[in-house]
Amino acid sequence: MTEISSSIRNTIVGSVVPIRGNDMDTDRIIPARFLRTVTFDGLGEHVFEDDRSGGGHPFDEAKYAKAKVLLANDNFGCGSSREHAPQALMRWGIEAFVAEAFAEIFFGNCVALGLPCLKASAAAVARLMAAVEADPKLVVTCDIDAEQVWFGADSIQAQVPKGARQQFLDGSWDALGQLLDQPEAISAAAEKLPYVSGF
Amino acid sequence: MSKNLFEKVWDSHSVRELASGQTQLFVGLHLVHEVTSPQAFQMLRERGLKVMHPERTYATVDHIIPTDMRARPFLDDLAEQMMVAIETNVREFEVPLFDMNDQRQGIVHVIGPELGLTQPGMTIACGDSHTSTHGAFGSIAFGIGTSQVRDVLASQCLAMGRPQVRRIEINGPLGAGVYAKDVTLHVIGALGVKGGVGFAYEYAGEVLDRMSMEERMTVCNMSIEGGARCGYVNPDQTTYEYLEGRAHVPKDAEFARAVDWWQSKASTEDAEYDDVVKIDGACIDPTVTWGINPGQSCAVGGTLPRPQDANGDGASIAEALEYMGFEGGQPIAGTSIDVAFIGSCTNSRISDLREAAKVAKGRKVASGVRALVVPGSHDVRDQAQAEGLDQVFRDAGFEWREAGCSMCLAMNPDKLQGREMCASSSNRNFKGRQGSPTGRTMLMSPAMVAAAAIQGEVHDVRDLLS
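Quick note, the sequences are listed as chains F and V, same order.
The letter at position 114 of the first sequence is residue 114 when you use my numbering, and the numbering goes up by one with no holes.
The letter at position 409 of the second sequence is residue 409 when you use my numbering, and the numbering goes up by one with no holes.
Don't read these hints as lab results, they were simulated from the structure.
If you're wondering where the values come from, they're calculated on a predicted model, not measured in any experiment.
Just to be clear, a hint being listed does not mean it is correct.
[Stated by the list, open to error] Here are the computed lysine-lysine pairs in the DSS-like style, where the Cα-Cα straight-line distance is at most 25 Å:
(1) V:LYS251 to F:LYS192
(2) V:LYS8 to F:LYS192
(3) F:LYS192 to V:LYS3
[What the hints assert, rightly or not] Simulated DEER-style distance windows between Cβ atoms:
(4) F:ARG52 to V:VAL84: 27 to 37 Å
(5) V:ASP274 to F:SER7: 33 to 43 Å
(6) V:LEU75 to F:GLY42: 37 to 47 Å
(7) F:GLY54 to V:VAL84: 46 to 56 Å
(8) V:ALA247 to F:ASP60: 17 to 27 Å
(9) F:GLY54 to V:GLU269: 52 to 62 Å
We treat Cβ as the ideally placed atom computed from N, Cα and C, and that holds for glycine.
Please put together the full structure from these sequences, using the hints given.
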């Protein structure tokens, strides 16, 4: 298993793979049968497996093979809490996501893995998607601090909520260190709860 | 104006504000299962960490276990490895495990309430999106990913941003043959599968007030299908009566004091919300999904939408119709099924089985239909058997199984084959969800699944209720 270590995630620079369609759920990203594992190793090769079996999937097209940014439509990552979904995408090579909206648990899982999810308007996503499909080699820069995705001389606005943005910018997206920072504060909070301290 | 339940529970569990602006939130109950935990325990090992509160942590097995042949080692080597992993992990980290031979085993969202582990005013987390189920008790319960499972194991805390709160008030009468499942499918259909993103849902109104705890669990269970990570119902007398006497619930004078504290967490009439939605219960019919997400549903007497008629997303409708093999405009009733599945954390409790058994009693499963009933826990199984429900189902031609997640997500031997069409009491109709990459799912209430099993096609259960 890869050791997860927190580092600053300010910009992600790379080409883009477009995944068209709303409500792309986690069962499609990684079907449940691949969750029969005690590690996250090897998940990358099964990402979108069933969607890819029909042929013609962007993840199988040579022109998108080195993409680092996944571009999607609305409600990307809805469904299950399986971290296997962002793990599979990360192990395939994805380092950031741009979409019209993300499902909440998927978003949280991505933060915990240091994978920024940037939210853009439908029109902005459509504009970037058209640019990528016209030129699959197009390299974009996801700028987390500026909340922009740059491509050539053009750019779209793409938001990252304040808390998560701060975590990427100061490298605190692996929250565990901070959570363990003040154990006495945890005990104090717990002791105030009668179901912990006794009714 | 006063705080709603969500705000009170959030504030009382807030440890501190983190540098990112998020809240460090104390988790009162952590439920663990075999699929999303092995990597989390391994991360603890790699960092030399312990489980901070093993006494607030409970593990069970539900997702991968077979519901018929339970002998170890399992025929599936990968499933066996996962069982060995959780057994090793709970031993090493001293977490209690309700394994397959334990009377307390069952689907994690069925046994938490059954054992009285789930209580009002708590925060509850589990590496499973249907953790929202526990909100039925007036707790704040949400699904988390594996790295967050690691965080909770190690620190009993989560780093989270606070969502907004939307009150969904459902008033009026519910018709005969209309169940909690229909209510939740109706809400998701009305507000959309991402309508709840960024919100916690407070379900309220006369319909919720009248519901049993099991019905409230069905509604809260599917909050996540509407995009809301958590959904809850304010605790009331129904809640306290359900809890009294359960294994982990305080007793006698302590119980009375607990009720006072629980009640103090409930939203009062002057509570404020970020949004309020009102729904007329009288408008809810038995509801069936026709598409590939739980928001794509219609009343059993309804017809499927046409992509060209859609106000919004015609492409999604077209994709769903193509996958399901349906035509826009066709009636949903009369759609042939191959498989009928009654089970899952949404609908595998005793009241679900009773309602389905009323429909199945004295009737036969249609020829060519494979039908199975999978109780949510050992206790549900035993209660059903004591009431003779297992025999009702067997006589009708259903298979009667042991407790587990079974064909809801099909990471175990219970799976659809090829393009089979399944009438299912579960919670997701995603492409491939039930184990076959081309398998098809129609979500409905357990009674409607029983009706579909008997008729061999989608059928209005109200015709079969005398």
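Tested hints:
no., hint, in the structure
1, V:LYS251 to F:LYS192, "holds (20 Å)"
2, V:LYS8 to F:LYS192, "holds (13 Å)"
3, F:LYS192 to V:LYS3, "holds (19 Å)"
4, F:ARG52 to V:VAL84: 27 to 37 Å, "holds (31 Å)"
5, V:ASP274 to F:SER7: 33 to 43 Å, "holds (35 Å)"
6, V:LEU75 to F:GLY42: 37 to 47 Å, "violated (22 Å)"
7, F:GLY54 to V:VAL84: 46 to 56 Å, "violated (36 Å)"
8, V:ALA247 to F:ASP60: 17 to 27 Å, "violated (52 Å)"
9, F:GLY54 to V:GLU269: 52 to 62 Å, "holds (54 Å)"
Violated hints for the displayed structure, listed by number in ascending order: 6, 7 and 8.
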